[in-house]
Structures are given as C-alpha cells and as structure tokens.
Amino acid sequence: MADRSSSGVASKRAYVAAILIIMLFWQVAAWFLPDFLMPDVPTALIRLWEELNSSEFYEGLGNSMTRLGAGYGSALFFGIILGLVGGTLNAVRSTLKAAIIILQSIPSIAWVPLFLILMGFGNLPIIVVVAIGAFFPTALSVMNATESVEKVHISAARVMGASKLQMLKRVYFPAVTPELITGAQLAFGNAWRALISAEMIVGFSAGLGKSLAYSGEIADMTGVMTNILVIAVLAAVIDQVILERIKHRLLRYQYL
Amino acid sequence: MKLNFSQVTKSFGDLNVIKQFDTSIADGEIVALVGPSGCGKSTLLHMLAGLQQPSSGSLTADGDSVAEPSPERTLVFQEHALYPWMTLRDNVSLALEFQDQPRKESLVEAEKWLARVQLSGFEDYYPHQVSGGMRQRCALARAFIARPKVLLLDEPFGALDALTRMTLQSVLKDLIEEERPTVVLVTHDVDEALYLADRVMVFSQRPATVLKEVELGHIPKTHDLSAFADVRREVLNLLGIDTEQHEPKDYQGEMA
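One line per chain: the protein sequences are X and C, in this order.
Note that UniProt numbering numbers the first sequence so that position 95 is 95, with each residue one more than the last.
Note that UniProt numbering numbers the second sequence so that position 18 is 18, with each residue one more than the last.
Source of the hints: derived by calculation from the structure; they are not laboratory data.
A portion of the hints provided could be inaccurate.
Claimed, not checked - Below, computed lysine-lysine pairings styled on BS3-like, alpha-carbon distance capped at 27 Å:
id, chain 1, residue 1, chain 2, residue 2
1, C, K19, C, K173
2, C, K104, X, K164
3, C, K2, X, K169
4, C, K221, C, K19
5, C, K19, X, K169
6, C, K19, X, K151
What the hints assert, rightly or not - Where chain X lies over chain C, by a calculated footprint (3+ residues, C-beta under 8 Å):
id, stretch
7, 71-78
8, 89-99
As the structure is a prediction and not an experimental result, all values here were calculated from the model.
Even glycine gets a Cβ: it sits at the ideal position worked out from N, Cα and C.
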C-alpha cells in the first residue's frame, strides 16, 4: 500500500515537472520569436480563459467529445467481440490476426477521402475514422489475451458445467481484462489522433480540430497554441485520470 | 456412480499413453492411481471428467458413455484453478451459478461450504492473498458444493508442503465420508493413496498398465500408516524406490 501511494505521488511529481519543462521551452521559444509567430505562455493562458467563458468553445468541445465517444465506444465494443470470438476460433485466428496487423499499419487519417465520398460530408466519416483507429489495437490485444487464457481456467469452467456464454462472460472476459485495458489505452491514443486530424481535414461543424485548423488559416498563432494546449490537456486528463481510474476499478483484485 | 473402462486406448499421434485399459469402479468407491510422472494416469482422469475422449474403447458412468464434462463428475486440479479475479466466495458460488442457480442463494451456499473447509472470515479474500493450502481448501469447497456423484482429484495437494498436505488430506477425508461420492485420486504420494483410498492401483511407465492393485477396503484410517507398512513397501518397490537397507549403515551406531 505504502509503495503504491508513494509511487503515485512520484508519478504526479514527474508530471508536474514535465509540464513545467514543456512550458519553459515554449516560453523560451516565445522570447526568441516575434509575437505573431509564437505567443507567450501567459498570452495563451489568457486566451484559454476567454475561450472557457465562450459558448462556441463548448459547442466545439461537445461535438468532438460526441464523435470520440461514438467512435471509441463502438471500437471497444466491436473490438472486444471480435477479439474474444477470434481468439477462441483456432481455425481463423492466424489469418484474422494477420489481417488486423496489415490494416492497423494504415494511418487512420488515410481513410478520410474514402469515407468522405462513401458517407458524405458530416459527422459519420469522422466517427468511422476514429473507430478504425481504436478498433485494431483493441481487437488485437483481446485476441492475444484470449489465446493465452490459462487452460486450467477453461477446463475448470467446463467441469463445473459452464455454457459457452457463461464461459465467455465469467472466464474469458475477466481473464483478458488486463490486456484489454492496455489495448484500450493504446486505442485511445489512436482515436484521439484520428479525431483531431479528421476534424482538421473534414472541417465539418465546430470541433477542436476544426478550431485549430481555422486558427492556422487566419494566422492566429495565439489561437493555434491555445488549441494545442486544450488538445494536450484533454488527452492527458482522459488517459491519466478517467482511464486509469477505470483500470484500477476493474483490476481491483490485482492492487490488493 | 459406477464407472467402467472397457478396452480404453488413448494415443496422441504416435504416442501411446493408455493401452486397452480395463477396470470398474463401484459406486462410492475411493480409488487411488499412483505411478511415475507422465504414465498416463492424469489422462485417465481427464477422460473420466470428459475433457478428453478415448481413442478407442468405451468409458461409461452408470452405463452412459462419457462424452463431455458434466458437473456430476467434477475435477479438482493441482493448483491455480481458482479464478484470480474473484473472491473465494465468488469462486465457490460460481460452481452453482454455472448450473443456473440464482446468484443470491449460491453465495449463501458458498459461505456454508467455505465454513466447512474452515475458511470462514476469508470469503472476501482473493486467491493470491491466501496461502496455497487455503486455496486448495477453497478448491475442495468449489468441488463439493455442486454435490458431484464423482469426485476426480488430479494431484490436488502436490504443490503443498508436507504438513499442510496432511491437514488437507484429513479435510478431504472428512468431506468424502460425509458426502460419499465415488472418488478417483491421482497422486504421486503413496501415503496419500493409502490414507485416502479403498483401492490403490499402481501404474507402470507409459503406456499405462496396472502393475498391481491393492484392495484395502473401506476401513477407518489415520495418518499413522504403520499397519500398512508391508503394502507401502511393496508399492514403493514397484515404483522403483529402494526400501532395503544397504552398507554403510554405521551412522546408526553413532546416533545411539
């Protein structure tokens, strides 16, 4: 217990130190470059405060989060199902895995033109691109974990008379949860990158990516840096606070 | 439940593990299978559990062919068969839940069975938080809670230290006396076989053939097995363990 809380404090300290160093580099760059190229940190923070008090900011944030939720959520759902099913079917597993590895190497943003034309200008192509980014790492991690579920755990369930569904719910799913969470965190990084880039390219309705792209177009460097700041902070909060909490909750037994 | 092997052969590819094995186990009988590692006695047990099928010959339980696992014939594994993501209570109750019994009643029943193996107060512990002996107590509770007609034990105490093993053997003996299932025990431990079983079958190296059957009958026994010294010596000799005294033995004089 003592170990863990002290390492938690240490990692928090490391985060604070890292943030300060990044800010410092930014500020040094701002001192050397003219204001219209690189704003000071305080200037960007003031802009951020203004943004936080404007309704447009929340509209963009809401749109982006909705797309992220829909894309990431469905990727997790289908990734877990495909991973569990694929991992238990010996006949198709290797082929399926190879297919995932090939498709995974395509940057998600490369799908944008295809889906824009297939689905038309709107939310859907962005959501699908986000989902593609998150789906492969989820499916792959679940499939690998399913494959390596301990034989004795499966045999034990069989002799206790478990049905296929019970086996999936009570044995396979909890057994793969640790790897699933690692995969889901990786998938979140992909989803986030895909979301911002797709929004920058597609530019459909308000959103974090669109707002960043727009600031660039009108050469508003304070806006650019503010948007980057928002994107960075949100990603860190979702990953380090929300996903970590869920991880500790689901894997509670490992931390006792 | 009466178990019957008739001309059972099992091979894995070219490897002949069991060759035309015949035996009959009466309802309520306690049979121990002892023999060298890899002689195929565990395979016999897994076939009884329905986890593996004979390559040829027939295996029946009360006249019905054993084709798949059934909670009537439960198997206790050596170790690590408890689910690490569940508390001891959930691990035990799962055996009933897999038979579609309501969760609430299953949990109550699980607590009763944990009490019967002296694990009251540890219901909310996870397997990794308790000792190996306690884990096997829990495994016994999980096996007995479903009131199996046949109890199959695959070196259940093989990973425990000698003292814990003897305690667990007593716990198991009491449970068997109260519940009276048909028992097939696979073990390396000759004393364990003599202490628990009504009949001991000694196996040769692969392919498994019976070198000797010792009929002890269902008689009260304690861990003091001095009454069975001759049988014990004979079984050990069959397993290639020397029980004769050899030179030099003058250290006995020094000790006196």
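Structure-based check of all given hints:
| no. | hint | in the structure |
| --- | --- | --- |
| 1 | C/K19 with C/K173 | violated, 31 Å |
| 2 | C/K104 with X/K164 | holds, 22 Å |
| 3 | C/K2 with X/K169 | violated, 34 Å |
| 4 | C/K221 with C/K19 | violated, 33 Å |
| 5 | C/K19 with X/K169 | violated, 39 Å |
| 6 | C/K19 with X/K151 | holds, 26 Å |
| 7 | 71-78 | holds (count 5) |
| 8 | 89-99 | holds (count 5) |
In summary, the structure is inconsistent with hints 1, 3, 4, 5 from the numbered list given earlier, while agreeing with the others.
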